[in-house]
Amino acid sequence: MSERQNAFTIKTNRLSDEVYNQLATYAKSRKLGDYISSLILRDLDDSSTERKAMEDQKTYEMFEHIKDELADLKKLVKTTDFVENYPFKEEPSKVTHLKEGKIADLENISGSLDDDDLEEYNDF
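For reference, each letter of the sequence shown is one residue, going 1 to 124 in this note's numbering.
The hints are simulated quantities; they were obtained by calculation from the structure and are not laboratory data. A hint or two may mislead.
As the list claims (entries may be wrong) - In silico DSS-like cross-links for lysine-lysine, where the CA-CA straight-line distance does not exceed 27 Å:
#1 K11 - K28
#2 K75 - K58
#3 K31 - K11
#4 K67 - K52
#5 K78 - K67
#6 K58 - K78
Keep in mind it's a predicted model, so treat the numbers as computed, not measured.
With the hints as extra help, turn the sequences into a complete structure.
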């Protein structure tokens, strides 16, 4: 990045007298730099706001597309006998529910430790 300069020269033939006079007023009060900086920051903020709005629009369109596809899939499932051919049955839980204060029965213990496991964890 190049070194900052303390002064700028603006060369253009497109400034109206009204714009030129406004810039001259800011320059005389030594506020031209702050004014230009605020305009640029505003432009940057506006462009990021516009970018976010475009991203929000794309997200909305994608959501609508997914919603439409889901509706189409639901129609397809209803028109085919998919659900009837593949019934989904919920199996009751085989785990007995523990009551408060009851100690669980540990009859079916599985697993083991061998010497290799003990070497990895010295704090056994």
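Tested hints:
no.: 1; hint: K11 - K28; in the structure: holds, 18 Å
no.: 2; hint: K75 - K58; in the structure: holds, 26 Å
no.: 3; hint: K31 - K11; in the structure: holds, 19 Å
no.: 4; hint: K67 - K52; in the structure: holds, 22 Å
no.: 5; hint: K78 - K67; in the structure: holds, 17 Å
no.: 6; hint: K58 - K78; in the structure: violated, 30 Å
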